[in-house]
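If you're matching them up, the sequences are chains S and P in order. Read in this note's numbering, the first sequence has 173 at position 173, and its numbers run on one by one without any break. With the second sequence counted from 1, adding 388 to any position gets you this note's numbering.
Hints are computed from structural coordinates only; laboratory data are not their basis. Computed from a predicted model, the values in this text were never measured in an experiment. From the three backbone atoms N, C-alpha and C, an ideal C-beta is built for every residue, glycine too. Hints are not guaranteed to be accurate.
Below 30 angstroms or equal to it, Euclidean Cα-Cα: the simulated BS3-like pairs (lysine-lysine) are [to be verified]:
| id | chain 1 | residue 1 | chain 2 | residue 2 |
| --- | --- | --- | --- | --- |
| 1 | P | Lys483 | S | Lys334 |
| 2 | S | Lys325 | S | Lys353 |
| 3 | S | Lys310 | P | Lys722 |
| 4 | S | Lys357 | S | Lys150 |
| 5 | S | Lys334 | P | Lys698 |
| 6 | S | Lys95 | P | Lys722 |
| 7 | P | Lys741 | P | Lys538 |
| 8 | S | Lys310 | P | Lys698 |
| 9 | P | Lys538 | P | Lys525 |
| 10 | S | Lys357 | S | Lys310 |
| 11 | P | Lys713 | P | Lys741 |
| 12 | P | Lys745 | P | Lys538 |
| 13 | P | Lys722 | P | Lys745 |
Cβ pair distances, simulated, as ranges [claimed, not checked]:
| id | chain 1 | residue 1 | chain 2 | residue 2 | range |
| --- | --- | --- | --- | --- | --- |
| 14 | S | Ser380 | P | Asp594 | 25 to 33 angstroms |
| 15 | S | Gly94 | P | Gln595 | 50 to 58 angstroms |
| 16 | S | Ser71 | P | Asp608 | 34 to 42 angstroms |
| 17 | P | Asp594 | S | Thr217 | 34 to 42 angstroms |
| 18 | S | Thr217 | P | Asp448 | 52 to 60 angstroms |
| 19 | S | Gln207 | P | Arg454 | 48 to 56 angstroms |
| 20 | S | Asp119 | P | Ser768 | 43 to 51 angstroms |
| 21 | P | Gly609 | S | Ser380 | 46 to 54 angstroms |
Chain P regions said to be covered by chain S (calculated; three or more residues, Cβ under 8 angstroms) [claimed, not checked]:
| id | region |
| --- | --- |
| 22 | 435 to 444 |
| 23 | 689 to 696 |
| 24 | 726 to 739 |
2 protein chains.
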Amino acid sequence: MTQTAGHELGPTVGMIGAGQLAQMSVAPATALGVRFRVLANNAEEPAALVCANTVLGFKDDPETVREFAASCDVVTFDHELLTPEVMEILAGCGKPVYPSPQAVIYAQDKLAMREVLTDLGIPCPRWSHVESVTDAKAFAQDVGYPFILKTSRGGYDGRGVWFVNTEAEIAQVLERELPTGSRWLAEERVAFNRELAAQVARSPSDQCVAYPVVQTTQRDGICAEVISPAPNLDPLVAVVAQEIALRIARELDVVGMLAVELFDTGEGVLVNELAMRPHNSGHWSIEGATTSQFENHLRAVLDLPLGSPKAIAPWSVMGNILGGKVPNLFSAYKHVFARDQALHTHLYGKVVKPGRKVGHVTGVGADLSDLRNRVDHAVSYFTGEINE
Amino acid sequence: MTQTAGHELGPTVGMIGAGQLAQMSVAPATALGVRFRVLANNAEEPAALVCANTVLGFKDDPETVREFAASCDVVTFDHELLTPEVMEILAGCGKPVYPSPQAVIYAQDKLAMREVLTDLGIPCPRWSHVESVTDAKAFAQDVGYPFILKTSRGGYDGRGVWFVNTEAEIAQVLERELPTGSRWLAEERVAFNRELAAQVARSPSDQCVAYPVVQTTQRDGICAEVISPAPNLDPLVAVVAQEIALRIARELDVVGMLAVELFDTGEGVLVNELAMRPHNSGHWSIEGATTSQFENHLRAVLDLPLGSPKAIAPWSVMGNILGGKVPNLFSAYKHVFARDQALHTHLYGKVVKPGRKVGHVTGVGADLSDLRNRVDHAVSYFTGEINE
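Using the sequences plus the hints, can you model the full thing?
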């Protein structure tokens, strides 16, 4: 453990990446009394704006990462898009790294994820590795149009994902993309009723806690609203979703937070994607749960006993503030705070760009409809969609 | 407003002082997306350990304070022990300073406080300015022994306060202390049932919110436990206590958090002390109230509409961790967290010294007796009083 003369502080947790997930980790790290360092690409990233121990350096540079890891007692991430070179450095850095490079593969590579989940018998949409236009056409014959072509790596928030309706569209995507060397998979377009997310935390000692299963609503491929717990969810389906997340965490040896994004088909759930870090679907937990996802991520990577994931009220509603017409979000506070004394606002300090996640609003209480209306109003005011 | 190229962030709040109150202000400043700077005497102070924008410099040095204020949009404090020179600099710095130097006098100087509260007709213990042993003897004739001799300035956590039982003891204290030039007052020793605290936040626009009145328990003159709301408190007395705090905030033009420490005599309340900043009696609000005292202090000094001070559960119990036998508090986490999933722990990163406030534990829930037992166990384990 890193010690300063005269001090006997907790260990140093280093987070590679300095976006809003790292930023929101500063508060629980402070409360826990652990030293928290972030590796930031630049001083204007959200966590760099607020974290006392910010190391500036390119997070994809192996030597930078090696030095950063050497200054920490445990290394973790606010993203999964690590380069193979960085993963190799971390695998050999001699420090605990969570999630491990072996585990994080399954959050980076959708083909590897589909393969392992299928081997485990965990329900997924029908899928196939497509190495040619012919492969994709054969998949289309099995599942019909429209279906989805996805890049195995690098897709995020709707990028790298194509809905194809015709053989011509298959050719259009794959003849452009396959020659770049990227690997692609085809997936059926699931006729889902809604999307859910199941979050668990897991420690190296294999302690796990499961958060309530939430409903997520995407707009233009970006998360817009999260309701915890998912309304009208069959309790048996909720347990199945939590068991899927717990099983994935254990089988893939995930340490830290794991989010499993799911399709609710009305007849059960299918796994859509995995995230091995705090996740947008868990922001409600800062005010809505006894222990936030950010605190439990830190507790997990420190191998401390985990905190209760229970909700503190019947409902929590989280609305993302996406960059809109108003460049200065702060100017909305007078109206938003005067109108509603009880909402919780988080602004990340990011430059406002259209569609960019620049903050979020959470309401916690007993009346779901009221909370949704209030959160929606605040979000719409921040983005400039309404002005009263 | 301070702006960085390409960014349109909120204003910069500067806090003079970097103790645990400044440290606990970092989380809500981050959530609000405002820039938060602290002026720290050294890099090992609690807020300096975690705040990205820490200015190192002696907080009693007028030139240091002048430069610090120039870098902020609004200046506030985590303490009231400002020197007259610093107060003069701040009064002329051209930036909003909250609480104002005019208001903060009443939190610094107990004689000034007693005079103004008496003028306002606010109930206080019987008191008298004593400029000589003769004055104190006359006071003793009126109120009887034992009574209290207090220094007007600089007393804190039991320091500068003497219980005197005899004329000889009066002489012993005052013949040593009066020649130093300090001003002293005599106060009756109130036969109180318990101590209470009433906290309010007030903005420059004169918006006020009142937190639930809490019960505080001192051991050796240092706060040990806070229960919110104060158990079995007559609702009318609670309202009287809140009204006293609101009236003091308005009459003294306090901006930010104000804590009024009170004696509950069974027949009403008497004002003991004032604090014009976030206060130990409000730490429960971080997890136990919709809006914490730290967030409302920031909202107030920024003249933003205040957040709801309502409790989120029937009871909150806060126990202070005072330095004890165990130098490394972090080592207690395995036990404390494994035993209780739902407590909230804050460790300030301070060197453990006997009797020093080095952290606190909060429990929030419906069963007061259970919460008190759990918080007491955790605190006793951290301090080494128990080891199982």
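Task: Within 8 angstroms of chain S's CB atoms, at least three CB atoms from the region 435 to 444 of chain P: coverage verdict - done: holds (count 6)
TODO: Below or equal to 30 angstroms on CA atoms is what counts here, so check S:Lys95 against P:Lys722.
DONE: Satisfied, since the Cα-Cα distance of roughly 20 angstroms is no more than 30 angstroms.
- [ ] Given the hint that P:Lys722 pairs with P:Lys745, test it: the Cα-Cα distance must not exceed 30 angstroms.
- [x] With a Cα-Cα distance of about 21 angstroms, the restraint between P:Lys722 and P:Lys745 holds, given a limit of 30 angstroms.
Open item on the list: Just to be sure I understand the hint, the distance between the Cβ atoms of S:Thr217 and P:Asp448 should be within 52 to 60 angstroms; is that true here?
Closed with: 54 angstroms Cβ-Cβ, so the 52 to 60 angstroms window holds.
- [ ] Sort out whether P:Lys538 lies within 30 angstroms of P:Lys745, counting only the CA atoms.
- [x] The hint holds at about 23 angstroms.
Task: S:Gln207 paired with P:Arg454, Cβ distance criterion 48 to 56 angstroms - done: Since the Cβ atoms of S:Gln207 and P:Arg454 sit about 52 angstroms apart, the hinted range of 48 to 56 angstroms holds.
Open item on the list: For the hint 46 to 54 angstroms, verify it against the beta carbon of P:Gly609 and that of S:Ser380.
Closed with: For P:Gly609 and S:Ser380 the Cβ distance comes to about 52 angstroms; the hint holds.
Task: Hinted pair S:Lys325 and S:Lys353, Cα distance within 30 angstroms - done: Distance of about 9 angstroms is within 30 angstroms: holds.
- [ ] Evaluate the given range 34 to 42 angstroms for the C-beta pair formed by P:Asp594 and S:Thr217.
- [x] holds (40 angstroms)
Open item on the list: Against the 30 angstroms threshold, does the CA-CA distance of S:Lys310 and P:Lys698 hold or violate the hint?
Closed with: Within the cut-off at roughly 20 angstroms; holds.
Open item on the list: Given the hinted pair P:Lys741 and P:Lys538, is their Cα-Cα distance within 30 angstroms?
Closed with: holds (26 angstroms)
Open item on the list: Against the 30 angstroms threshold, does the CA-CA distance of P:Lys713 and P:Lys741 hold or violate the hint?
Closed with: Holds. P:Lys713 to P:Lys741 sits at ~9 angstroms (cutoff 30 angstroms).
Violated hints: none; the structure is consistent with every hint.
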